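Undergrad: Residues per chain, in single letters:
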Amino acid sequence: AQTVTQSQPEMSVQEAETVTLSCTYDTSENNYYLFWYKQPPSRQMILVIRQEAYKQQNATENRFSVNFQKAAKSFSLKISDSQLGDTAMYFCAFIAIQGAQKLVFGQGTRLTINP
Amino acid sequence: KAGVTQTPRYLIKTRGQQVTLSCSPISGHRSVSWYQQTPGQGLQFLFEYFSETQRNKGNFPGRFSGRQFSNSRSEMNVSTLELGDSALYLCASTPDGQIYNEQFFGPGTRLTVL
Numbered sequence: 003a004q005t006v007t008q009s010q011p012e013m014s015v016q017e018a019e020t021v022t023l024s025c026t027y028d029t030s031e032n033n034y035y036l037f038w039y040k041q042p043p044s045r046q047m048i049l050v051i052r053q054e055a056y057k058q059q060n061a062t063e064n065r066f067s068v069n070f071q072k073a074a075k076s077f078s079l080k081i082s083d084s085q086l087g088d089t090a091m092y093f094c095a096f097i098a099i100q101g102a103q104k105l106v107f108g109q110g111t112r113l114t115i116n117p
Numbered sequence: 027k028a029g030v031t032q033t034p035r036y037l038i039k040t041r042g043q044q045v046t047l048s049c050s051p052i053s054g055h056r057s058v059s060w061y062q063q064t065p066g067q068g069l070q071f072l073f074e075y076f077s078e079t080q081r082n083k084g085n086f087p088g089r090f091s092g093r094q095f096s097n098s099r100s101e102m103n104v105s106t107l108e109l110g111d112s113a114l115y116l117c118a119s120t121p122d123g124q125i126y127n128e129q130f131f132g133p134g135t136r137l138t139v140l
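Chain order of the listed sequences is A and B. For what it's worth, the working numbering labels the leading residue of the first sequence as 3, then goes sequentially. For what it's worth, the working numbering labels the leading residue of the second sequence as 27, then goes sequentially.
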């Protein structure tokens, strides 16, 4: 069974700072996808970034980038130049391509950006 | 395009009752997944429907069931409600049925069981 662990329940940074959210996962699968989803307060969950396991290059979306270490089963999210609108719960998630295709989420990190 | 919609947004039930939640995916999306979100257990996958068939299922008891209609709208049903079923129920849709692509989430239905 796959598991996803986010070791930081809460984080808080000042606006414009850079913050890194940690995520580790456990799987015996070789082909899979990893995601970071963002759930703002009282708003819908949206995809932040996606990484395919067979791609060595780390995914980047504007201010958001990941550090994907396949051997270490680590998938951290870096937010550069943080903005007040980045305040949200962030969930790391995993899905295997083969077998039971179900999205497995970590427990989430509550990120607060302070003005 | 309109986003994923869920009805009702809030629901209060008592133990032993049953409840039906509805999800309308984004137009053209054929896959609908359901998740339960609680403070203690986090986000857990319930099931996924594609073309009116349940394709994947999480580890929930048989009291949780679902279905999908020909227009891709989906419903989930919980029978014999328990206090522990109190949660935010989220549905998500994907356009091509591959749930390892981006999933588009609805606002959720907040179910409270008294």
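Some clues are possibly wrong.
[Claimed, not checked] With the C-beta cut set under 8 Å, the calculated list includes, among others, these residues of chain A facing chain B:
#1 M47
#2 K80
#3 I97
In short, the hints are calculated from the structure, not lab data. Owing to the predicted nature of the structure, the values given are computational and were not obtained by experimental measurement. Glycine included, every Cβ here is placed at the ideal spot set by N, Cα and C.
Undergrad: Evaluate each hint against the coordinates.
TA: Evaluated hints:
The restraint placing M47 of chain A at the interface with chain B holds, with a minimum CB-CB distance near 4 Å, inside the 8 Å limit. This hint is violated: K80 of chain A has a C-beta 20 Å from the nearest C-beta of chain B, more than the 8 Å allowed. Look at I97 of chain A: its Cβ gets to within about 5 Å of chain B, closer than 8 Å, so that hint holds up.
Violated hint: 2 only; the structure is consistent with all others.
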